[in-house]
Amino acid sequence: MNTAQQLGFDENAKLLIIHADDAGLSHSENRATIQALEKGIVNSYSIMVPCPWFHEMAMFAKNNPKYDLGVHLTLTCEWENYRFGPVLPVSEVPSLVDEQGHFFKKREQLCQNATVEDVEKELQAQIEKALTYGLAPTHIDSHMYSVGAHPEYLKIYKRLGEYYGLSVLVNEQVMQMVGLDPKIHIKKNDFVIDHTYVGEFPYFESGGLAAYYQSVLENLGPGLNLILIHPAFDDNEMQGITVNHPNFGAAWRQQDFDFFTNEKTRDLLKKHNIQMVTFGDIRNRMASDSGQTI
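Counting from 3, one number per residue, gives the positions in the sequence shown under our numbering.
Take the hints with a grain of salt, since some may be wrong.
Said to hold, decoys possible - Dumping the calculated DSBU-like pairs for lysine-lysine here, alpha-carbon to alpha-carbon at most 35 Å:
| # | residue 1 | residue 2 |
| --- | --- | --- |
| 1 | Lys160 | Lys123 |
| 2 | Lys190 | Lys108 |
| 3 | Lys185 | Lys108 |
| 4 | Lys64 | Lys189 |
| 5 | Lys157 | Lys123 |
| 6 | Lys64 | Lys157 |
| 7 | Lys68 | Lys266 |
| 8 | Lys108 | Lys157 |
| 9 | Lys16 | Lys272 |
| 10 | Lys107 | Lys41 |
| 11 | Lys108 | Lys123 |
| 12 | Lys68 | Lys272 |
| 13 | Lys131 | Lys157 |
| 14 | Lys107 | Lys123 |
| 15 | Lys107 | Lys190 |
| 16 | Lys16 | Lys190 |
| 17 | Lys185 | Lys107 |
| 18 | Lys64 | Lys16 |
| 19 | Lys64 | Lys160 |
| 20 | Lys131 | Lys160 |
| 21 | Lys16 | Lys68 |
| 22 | Lys131 | Lys41 |
| 23 | Lys272 | Lys41 |
| 24 | Lys107 | Lys189 |
| 25 | Lys68 | Lys131 |
| 26 | Lys189 | Lys157 |
| 27 | Lys64 | Lys266 |
Claimed, not checked - Quick list of simulated restraints, FRET-style, between CB atoms:
| # | residue 1 | residue 2 | range |
| --- | --- | --- | --- |
| 28 | Glu101 | Glu207 | 31 to 41 Å |
| 29 | His57 | Val92 | 17 to 27 Å |
| 30 | Arg287 | Pro67 | 12 to 22 Å |
| 31 | Gly167 | Met3 | 23 to 33 Å |
| 32 | Gln175 | Glu207 | 12 to 22 Å |
| 33 | Lys68 | Asn14 | 27 to 37 Å |
| 34 | Gln111 | Lys266 | 39 to 49 Å |
| 35 | Thr117 | Glu265 | 41 to 51 Å |
| 36 | Glu154 | Asn275 | 39 to 49 Å |
| 37 | Lys108 | Ile186 | 14 to 24 Å |
Derived by calculation from the structure, the hints in this document are not laboratory data. For glycine and all other residues, C-beta sits at the position ideal for the given N, C-alpha and C.
Given these sequences and hints, build the entire structure.
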């Protein structure tokens, strides 16, 4: 039985969430995310609470509750010159930061240094900050899936989802991406996204991500599918943030925005009988079964 059937859909239903990560990262990211929600086919997004442009996106989210919103739990900062750290004072979570008080760039560094206690305190603080802004998230996910850097972090992630009544992104492909064995770390009561798709660098390098995304949509299988994108504009701000980082860099993010705001892409959904759903939709359907998380 695939996830679509668990949700009460026909076994052949092609369900899809098109999700924009990294809102709050920058003004460019915010502008593109908002336009992709309002004018494109993106139907879900999540906000990075520790980032400098969180406030702007939080105000949009508060004033536009119709859009499916998540908290993009953040424990790493991969950029060369654009640095940020925890929402808690560094003195309260010292194991999460480098010598300058910023998050580590890589999951491996996080795993080597971060204590379980500091991870839990910071992740909970990020959710609490979103709630104090009056936001009503439907789910939590994770920047660079840093919650997968250590099995104990993953347990915290799932526990926080259950505590706050939020859907939790659990998926085999994402776990494999960060080196976790899904057979070990996906538990019986976890509600799992059947297939997750993220843009691939060879497509970007050889002519553009549009071909990759078009192939995904044309070959989408039954069940619950998730496409993770990172829309932003290829402007001076994003070029500065992503310097020396072509993977998910400014040009990459512009291509994400362009494809998912194109009317031809909307036509692909219709042509292939793809049904859009959100994390909120799923949470509502699962409300009667409090033992499961997604």
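In rising order, the numbers of the hints this structure does not comply with: The structure conflicts with no hint, since it agrees with every one listed earlier.
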